[in-house]
Amino acid sequence: MRAGVLGELMTPEAMVAAIVGLRARGYRRIDAFSPYPVHGAEEAAEMKRSRIDWIVFPFALAGAGAAYLLQWYCNAFDYPLNVGGRPLHSAPAFIPITFEMGVLTAAIVGLIVYFALTGLPELWSPVFEVEGFERASIDRFWVGVDAGDPRFDRAAVEQALVELGAARVAWAGPRWAP
Amino acid sequence: MNDDEPFEPAEGRPGDGEPDGITRRAMLELCGASVALAAATGCGQNKRDKLLPYTVNPPDLTPGIPLRFTTSLSLDGYATGVLVRVNDGRPSKIEGNPEHPASLGATGAMEEASVLGLYDPQRPRAILHRRAPAAWPALTRVLGQDRPDRGAGLRFLLEPTGSPLLGALLDRVLRRFPAARVTFHAAARSDSGSLGAGLAFGRPLQAVHDLRKTDVILALDADFLASGPFHLRHAQHFAGRRRIAAPGAPMSRLYVAEAALSPTGSLADHRLQRRPGDVHGVLAAVAVELAGLPDVALPVPKEALLAALAPHAAREDRPLVGAIARDLARHAGSASVIVGEWQPPETHALGHLCNAMLRSESTVDLLSPTLVSLGAQEQDLAALAREIDAGGVDTLVILEGNPAYAAPADLDLERLITRVATSVYLGSYDDETAAVSQWFIPARHPLESWGDARAYDGTISLIQALIEPLHEGSSPAEMLAVVAGDAHPEARLLLRAHWQDRLKDRDFEAFWRDTLKLGVVTGSSSPAVTAPIVPGALLSALAAKAPPAAGIEVALRPDSRVHDGRFANNAWLQELPRPLTKLTWDNAALMSPALAARLGVTDEDRVRLSLGGRSVEAPALIAPGHADEAVTLHLGYGRRRAEPVARGVGFDAYRLRTWTARSGAVGLEITRLGGAKHPLARTQMHWSTEGRPLALRATAAEYQKNPDFTAEQRGPLPSLMPPLPGSGAGGPPQWAMTIDLSICTGCGACEQACQAENNIFVVGKEGILKSREMHWLRIDTYYEGPSEAPRVIHEPMLCQHCERAPCEYVCPVNATVHSPDGLNEMIYNRCVGTRFCSNNCPYKVRRFNWFDWEDHVPANQGLVRLQRNPEVTVRQRGVMEKCTFCVQRLRATELGARIEGNRPIREGEVTTACAQACPTRAIQFDSLSNPGSAMARWRREPRNFAVLHELGTQPRVNYLARIDNPNPEIG
Amino acid sequence: MAALFPRWSNTAVRVAVIAALGGGAAAVTAPMIWVRTPWVRHQNEPIDQPVQFDHRHHTQDDGIHCVYCHTSVYKAGNAGIPSTDKCMGCHSQIWPRSPMLDPVRRAYFSGTPIPWNKVHDLPDFVYFNHAIHVNKGVGCSTCHGRIDTMPQVYQAAPLTMGWCLNCHRRPEAHLRPLSEITNMRFEPEAQPESVRAALAAELGVRSNLDCSACHR
Amino acid sequence: MSETETAALTSSATPPLAPLLLGHPTDAELTHQLISPVWTPRSRPAWLAAFGVAALGTTLLLYAVTVTVWKGIGVWGNNIPVAWAFGIINFVWWIGIGHAGTFISAILLLLEQRWRTSINRFTEAMTLFAVVQAGLFPLLHLGRPWFFYWLVPYPATMQAWPNFRSALPWDAAAVFTYFTVSLVFWYLGLLPDLAKLRDAAPGRTRRMIYGIFALGFRGSLEQHRHYRLLYGLLAGLATPLVLSVHSIVSADFAITLVPSWHSTIFPPFFVAGAIFSGFAMVVTLLVPIRRIFGLENVITLRHLDNLAKMMLVTSWIVIYSYLIEDFIAWYSGSPYEKYQFFVARPFAPGSMVFWTMQVCNILVPQLLWWRRVRASPGLLVVIAVLVNVGMWSERFVIIVLSLQRDYLPSSWADYAPTRVDIALFVGTMGFFMLLFLAFLRLFPFIPVAEVAELSHELRAEEKV
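Chains as they are written, first to last, in this note's numbering: chain P, 10 to 187; chain A, 24 to 994; chain S, 1100 to 1315; chain F, 1471 to 1934.
It should be emphasised that the hints constitute simulated quantities derived from the structure, not laboratory data.
There may be inaccurate statements among the hints.
[As the list claims (entries may be wrong)] Label-pair ranges, simulated between beta-carbon atoms: (1) F:1762 with P:124: 33 to 39 Å; (2) S:1119 with P:55: 55 to 61 Å; (3) F:1929 with S:1119: 38 to 44 Å; (4) P:124 with F:1929: 30 to 36 Å; (5) F:1762 with P:55: 45 to 51 Å; (6) A:743 with F:1848: 40 to 46 Å.
For each residue, glycine too, the CB sits at the ideal point set by N, CA and C.
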């Protein structure tokens, strides 16, 4: 969230309810911050299932394939040596590393993709400037609407959040903003 | 020879003539070599190496191309001819001289190892007088001065020698000092052979056995295949009759009676375990049986003989000795009796009688003695000791032999020498004798000496220096020349003068050149004489011999490695496993399992051995197959004053030796001592095959009945792997080896040759105790049957160069791979040292550099580096190594053949160091593409097999199952 | 409440991440590049020698043949460094008093060798054999470069294992007629492919990638 | 899998199960309880003492490593034929211990076993630190460790490549992958808790340090959405990975022809053994920590009960493998195998270790059939330590006893470790403890976010 209005809620249930409420009011760019993943929050925000797995899969295949190819290149193509009378292209022996490299690529690419999708690392974010936001990682649940939402209106959102049970509401973002 | 005279190197075998111009270059090369070698041990890539060219290039030398020169190495007076490989001025490897009768191209372990002695950093470097450095002129003044007493107080003690030069010099000395006396003494040599001949023939003749013609042999306490002056010749000739080329082919038969299992005994078809003192009884019983056979011509009165032998013969089992006697008689004319060095004269005499009965004219030659003998001017060691004790000796000149250590203990020479006013000792080390002598002169190593020598059959060979002396020193010839009156004798000039004088009219330079090239003086062997048995003295001696007493007999024998102690500072020999016991870095009291059980003694227990008031402490070692009620001790250990390698190694068995009982005596008392065990470093700890088909054997009869008894251990196996490229006749080389177990004596010469050729480090006793020996080739010895009377088989085990090598596919860095010509290559510089290959080697022939052995073991340091073969990488710590089939030799030969127009490598053109050394020629090496080679022919024999064939490793080293030829009459 | 980190920290982190990744990559690739540079092997660096011996002068001005001094090149593993008497053979007559030749005369008369610095210094576990190469059509200049133009000898070729292997894989590309072995100006690569193939066939040259060909 | 099914699987019928979480703490209380050990000095004396011992052990390790690298592995007791010994035993043992961590955090996650929640962080850390110890040995074990990178296919000027037919490059790849994936998995799990530390730790410096490692994680919907999937994906990757790692380690033996190594049962046998020893190590560490840090409400007897049952199950897989090995040795008729299993192991030198293994791996775990044993933390620790001894002995038996008695009796020789061998082994335990204790002080070793989530879920269920 670059900029927007946030409201602090006390329980995860209230947070889900607030999201539902905001959506009902027609807001689409809703975000929420909670100490742990809250059941139903994503569904309430009508977010789709993450697609990281599908992004990672081709990389994993490519990593495994490259590993196999490299082994073939080293042992059967570039410097073919008679090793114990074994075939130069000893396919079964090349499998373990192929598998390991597939897993390794998947894990590393997965992490990179996660960072890319979530914008991490990002030590500073406008929300961190919000008074009391530090409890979002402990026992508070913050829900907000992004200023980029087509129906965004600061006063209206603040009003809605208070109605939905926010103990306090705050503006996150540049100070000079509306 | 004039140094400035151009010298044409002689072409062809065996030697490359005389090294030229060594005086000017020797030290120079040492410098160059040490720089090169200093670099060879490390990475050496960061500092810039130096190139040191000759200032004047010797005419016959191309730096980088090794030369081979002939010379001779003598042991206890008898010479063995050798070829010495010299790399850029450094003698680096001893090989056999095929032209020399005592070598026939083979070498023993001692010959192989002697090159290390040359570079021993602990060799003394200066003349000492009363332990302070002194100069040669001062010594010559003392030795060369005139004596008013005509030499009455002058005594010489030297080792027996056959050298014509020394003989002539002794004559000169005795002409100048007629009253002087000379003593010949060798601790590891007995005179009972010549005494026995004296009893039998009335004169001291030497028996030379020609085993090329011998079908049945009865060896009595005689290890004729692995010790004695002609053992290399005996071994090769014996193997020729022993090797059975096809099922049903004839082969010889060997009976052995002995106490401790010897290499010879391990090949016996029937082995009688007897105390040394009971061996006479065996021969007596055989003689009695022989005398009773119809076709035997008896040169002595039968009744008298039977009467004389009866007390001895009665102790033996008649059916057994009867069968032996009948077998011998059946082969009369091609049978012989060999009596061991340490048997008493009566046994030797009886042996001569038996040989006469067996019509042995063609198998046993009788020769006049080869050694120098001075008649009345000679006295024995006991007489010398008595004279010194009586104060009759003012000057004692000791020329080698270390008598203060190695003389019989009851003579107490160590004390007596100090009582001589002037004692002069020429010795290889600053040893026990040097410590008690006033003068000490370092002796030259044989490889830096000039001289001549005679083989056991009298053949004369020259000893030529192959390197300028590394240290100040002298030789017996020079010392005698000084006494004879020369001021500045030089051995080379003495030698040339002697032979010039002797040859008179013949072209001396041609003789000199040819002899040095060939290594022997052609036609110089002693002629055989015919001598009839003289019955009188023989019978009375036999009758007078008392039967052996009861009790434990101790047998004192020279060690198969350090001999009489002279090689004690040779780390290679110390670490070379003794045959059969595989003991290194120690000697031990060998005893039978039954005796050990009776005494409550186990391996490594310390025992006190007492004999006639003297005693030593020794570790016990149970030796399967040892005669009961007997203990064998090996001499040459427990040096009281010795150099670092020998220090603290073993116990001194000379302490139990007396002048009259040099071979041992009955009456040994053994006490078990408590306390900690004395760890014995042995390279093999398990002696049973556990029923596994590892070393196959059969009798000749079984072989004839079932020639395919090794079928399970050879032939194709099903495999999922792609087929291997074959090796057709005449195609590119495919190296392979075949080893005939029938003729392997387990002597260890191959192992020693391998070490010398391949820069193999020693690891010390500690290393052996930790099972970290580095030998690329080992000899596995397996015992079968009861440990009281086991059957033995030796199996040389080296890298098998498997075509489907299990070591190769587990190496993560491709440091061990297969070459197109069938070698299992080990690339040290690629090895990271995972040791996975060793785990997966079912033959366990890979060796690991656990440490930087040069850094870790002092015996690998210093001058000994100069011995190293520059064609073989010195291995760094952390890398694996193993037998390479001497790949440096293969590649050199291959390059030569390729340069000569890509011609194929000829049959027998190259061989490995082990095959080259093997006394029995049991190891054959060649390319499979030479189907006519012995290696390939042997493989086609039905008894061919591969060790662990069932694993599918397809080894390139194949074995021929051992075939024994027991007498069917004996159950 | 102010945030724990200032806004610029995001940029700092991005820079740090890029630096770390770049640094990691550099840490891996830099040594690989370094070992491929000539200076790691002192390639092309003239080596000072105890005597200022000039190959350029001896071979070009005086026309002395390589094998006159490097006598054993056709028969031994090493080409051979001439013994001092060879130098003196000429220099007892020519420039007998030159101060430049002082070390040579001193070596000759004292019998102490001239300590030349090794220029082509292979590791001790590598057994390079000159004889087989010159007898099979590999010329001096193929490995040593234009020695005849070097006032001070330097190592012209990388002498890495990979460099050896490149030739051992396809030796025919670098062969020349035996008559041209010592010809410094001859360029084997300039010959037509058919000529080189014929040479390889005539001399029986084959690709040799056997480890023990060089390591033993 | 429903809750009742889970219950049926993980416990015996009576009496009622101990709960996974005791009491009803609020999120704030829970968070405070779980992350406060990071900065509260409450645990200091015990911790300090343990840390001192661990530091001593680490010094010992440094000494042993220095001696080994400086002088060569001749300072070890290895020889020919026993070319592998303590180094590889320790490698396999430590790697095996690591397996339980991955098993708990990945496989139990996929199986939706909620009891993993309280202990997964800590077992993952155990995995990482165990793999660090394990990774030391293949390196040190090389004759020339400075050339370790020759196992990696990099473009060298010598143009030589590794040999991928050998199991050792497989090992290198597997251990490296295992370590990396475990690290990623662990770090990802730690992210939310690092955010908590950033926001709750006393002192700005501390908060900034944690803040840097938290990478700005703030628990937004987007971050949680991808997080959950990636976490699951990594668990999915780690599951076959953990099976493959010990399978590959077992290939170091199984691809050879050494009698008793050359065996197809090795991969499953090794994996089971690894998890067996890993669970034992978890129990060994968990019980004292739970006590020292007063975490009985989070790590309940239910957890210990489940761990004990896992040990019992895996012990039976191991026992089964022993039986099959013996059967195949007999059935194959190979004299080498038969000698190894029926003569060498029970009777040859070193057979004491074999019998130790029999007792510790076969008999001792059977105590876990009794509920009362499983409910006694003290007894569980004793059993777990014995199992670890037993599993170390098993590797000794497999490696040393097999090599001592292979094909040619002539080359048989016995093995004895040296002081350096022992120092290395003890030293790695010290180093492991050092890392582990540092971890306890620096990070919340109970995953706060996950426990809070669990607590929330449990409360929700209670209400239903």
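(message) Quick check: does the Cβ-Cβ distance between residue 1929 of chain F and residue 1119 of chain S fall within 38 to 44 Å?
(response) 43 Å, holds
(request) May I ask you to test the hint 33 to 39 Å on the CB atoms belonging to residue 1762 of chain F and residue 124 of chain P? (result) 36 Å, holds
(request) With 45 to 51 Å as the target window, see if residue 1762 of chain F and residue 55 of chain P comply at their CB atoms. (result) Because 47 Å falls inside the window, the suggested range holds.
(message) Looking only at beta-carbon atoms, does the pair residue 743 of chain A, residue 1848 of chain F fall within the given range of 40 to 46 Å?
(response) At roughly 55 Å between Cβ atoms, residue 1848 of chain F and residue 743 of chain A fall outside 40 to 46 Å, so the hint is violated.
(message) Looking only at beta-carbon atoms, does the pair residue 124 of chain P, residue 1929 of chain F fall within the given range of 30 to 36 Å?
(response) The hint (30 to 36 Å, Cβ to Cβ) holds, given that residue 124 of chain P and residue 1929 of chain F are roughly 33 Å apart.
(request) Determine whether the Cβ-Cβ distance between residue 1119 of chain S and residue 55 of chain P falls within the hinted range of 55 to 61 Å. (result) Violated, since residue 1119 of chain S and residue 55 of chain P (Cβ atoms, about 38 Å apart) do not stay within the stated range.
In the structure shown, a violation is registered for the earlier hints numbered 2 and 6, in ascending order.
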